[in-house]
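Here the protein sequences line up with chains A and B, keeping their order. Position 54, counted from 1, in the first sequence is what UniProt numbering calls 54; the numbers after and before it change by one each time, with no gaps. Position 116, counted from 1, in the second sequence is what UniProt numbering calls 116; the numbers after and before it change by one each time, with no gaps.
These are calculated hints, taken from the structure and not from any lab test. Do not rely on the hints blindly, as some may be mistaken.
Below, computed lysine to aspartate or glutamate pairings styled on EDC-like, alpha-carbon distance capped at 20 Å [unchecked claim]:
hint : chain 1 : residue 1 : chain 2 : residue 2
1    : B       : K170      : A       : D65
2    : B       : K72       : A       : D23
3    : A       : K27       : B       : E39
4    : B       : K53       : A       : D65
5    : A       : K47       : B       : E133
6    : A       : K47       : B       : E134
7    : B       : K159      : A       : D65
8    : B       : K169      : A       : D23
9    : B       : K12       : A       : E64
10   : B       : K169      : A       : D18
11   : B       : K53       : A       : D18
12   : B       : K48       : A       : E51
13   : B       : K159      : A       : E51
14   : B       : K72       : A       : E64
15   : B       : K159      : B       : E134
16   : B       : K170      : A       : D68
17   : B       : K159      : A       : D18
18   : B       : K25       : A       : D68
19   : B       : K12       : A       : E62
20   : B       : K53       : A       : D23
21   : A       : K47       : B       : E39
22   : B       : K170      : A       : D18
23   : B       : K159      : A       : E62
24   : A       : K47       : A       : D18
25   : B       : K48       : A       : D65
26   : B       : K53       : A       : E51
27   : B       : K159      : A       : D23
What follows is each chain in one-letter form.
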Amino acid sequence: MSGRRSRSKQSSVSSITDDQITDLVSKLQHLIPELRRRRFDKVSTSKVLQETCNYIRSLHREVEDLSDRLSQLLASTDSDSDQAAIIRSLLMQ
Amino acid sequence: MDSQHLNPSSLKSRFTATFLRALIKINAQKPISSSSPREIFQRYRRIKVAADKSMAYSVRSRRTWSRATLWKLRSRSRSRLASSGRRSSVKTRTTTTTTTTTTATNHRAAIVEKTSHEKENKEDHVGLAVQAEELRELVPGGESMDLCNLLDETAHYIKCLTTQVQVMKKIANLYSLE
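Based on the provided sequences and hints, a complete structural model is requested.
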């Protein structure tokens, strides 16, 4: 856990190795569609973090939009048998 | 990309089942005038909470972010039941500090000060600590995580969010086919 290169205890980052952080950051990079294409380019850590924040925000917005859409759709759905069919088809995919 | 048959114990199918159950419940609560804007907004809120809750529930307490989400939702519903005003019953169990904006700013300032001491190539990673503040606000429970855990939790959180969006999209498409 403590870094192989021992640093002063002042920085809160000192107990984590550089490699660990690099690995985690590159793992994040692969998850973000924007950056996945540029896998073999050097993407700076700060860019990865920035894009991560943007991506999470856009996902939150998508959840909100979909919730909105679902609430409109539920308003127009009445039949229970339709629902059962939906559930079945969803769970079978 | 999707496998033909859903693995019943996969996160995706656990979320789908839990969320669908919640949707059915919400739908059953429908009053007669089910398409007034107020009704729709309330349903929107309930659906969104159900989606986030279902995902956090499907992950259980294996992750800090899911624990934080469940805790937040439970304490929110508890404080709503306590009809006597806004009693903040949130005994910070998951967070060591109640992160207000002032705390975050001080934290940021403290890190920036430490930056001036580090002149080596650690600088990139110390700058990372400053930038991670924005991420901490986006990931549930992020305020109390150290940098390593934050990055790890973020990756998992993103995977779950994309699953959540994927399933919600599918449900919406199926509903709109009628």
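Quick rundown of the hints versus the structure:
Pair hint K170(B) plus D65(A) holds up; C-alpha atoms about 13 Å apart against a cutoff of 20 Å. Distance hint between K72(B) and D23(A) is unfulfilled; the C-alpha atoms sit about 30 Å from each other, more than 20 Å. This hinted pair does not check out: K27(A) and E39(B) have alpha carbons roughly 42 Å apart, beyond 20 Å. For a cut-off of 20 Å, the pair hint linking K53(B) to D65(A) stands: about 17 Å separates their Cα positions.
Restraint check for K47(A) and E133(B): satisfied, since their Cα atoms lie roughly 14 Å apart, inside the 20 Å limit. Annotation: proposed proximity of K47(A) to E134(B) holds, straight-line Cα distance about 13 Å (limit 20 Å). With a CA separation close to 19 Å, the supplied pair K159(B) and D65(A) stays within the 20 Å bound. For the hint pairing K169(B) with D23(A), the CA-to-CA distance comes to about 32 Å; that exceeds 20 Å, so the pair is violated.
Under the criterion of a C-alpha separation no larger than 20 Å, the hint pairing K12(B) with E64(A) is consistent with the structure, at around 19 Å. Note on K169(B) and D18(A): the hinted pairing is violated, with a Cα-Cα distance of about 39 Å set against a maximum of 20 Å. Taken as a hint, the K53(B) and D18(A) pair is broken in the structure, with Cα atoms around 35 Å apart against an allowance of 20 Å. Using a Cα cut-off of 20 Å, the hinted pair K48(B) and E51(A) is violated, with the two alpha carbons roughly 24 Å apart.
Simply put, K159(B) and E51(A) have alpha-carbon atoms about 15 Å apart, close enough for the 20 Å limit, and the pair holds. Proposed proximity of K72(B) and E64(A) is supported: the alpha carbons are some 18 Å apart, at most 20 Å. Between the alpha carbons of K159(B) and E134(B) the distance comes to roughly 19 Å, so the proposed pair stays at or under 20 Å and holds. Between K170(B) and D68(A) the alpha-carbon distance is near 14 Å, which keeps this suggested pair within the 20 Å criterion.
About 24 Å separates the Cα atoms of K159(B) and D18(A), which puts this hinted pair outside 20 Å; it is violated. Proposed proximity of K25(B) and D68(A) is supported: the alpha carbons are some 17 Å apart, at most 20 Å. Simply put, K12(B) and E62(A) have alpha-carbon atoms about 17 Å apart, close enough for the 20 Å limit, and the pair holds. Note on K53(B) and D23(A): the hinted pairing is violated, with a Cα-Cα distance of about 30 Å set against a maximum of 20 Å.
Restraint check for K47(A) and E39(B): the C-alpha separation of about 42 Å exceeds 20 Å, so the hint is violated. With a CA separation close to 41 Å, the supplied pair K170(B) and D18(A) exceeds the 20 Å bound. Between the alpha carbons of K159(B) and E62(A) the distance comes to roughly 14 Å, so the proposed pair stays at or under 20 Å and holds. Proposed proximity of K47(A) and D18(A) is supported: the alpha carbons are some 17 Å apart, at most 20 Å.
For the proposed pair K48(B) and D65(A), the alpha carbon gap of about 9 Å is at most 20 Å, so the pair holds. Restraint check for K53(B) and E51(A): not satisfied, since their Cα atoms lie roughly 25 Å apart, outside the 20 Å limit. With a CA separation close to 17 Å, the supplied pair K159(B) and D23(A) stays within the 20 Å bound.
Violated hints for the displayed structure, listed by number in ascending order: 2, 3, 8, 10, 11, 12, 17, 20, 21, 22, 26.
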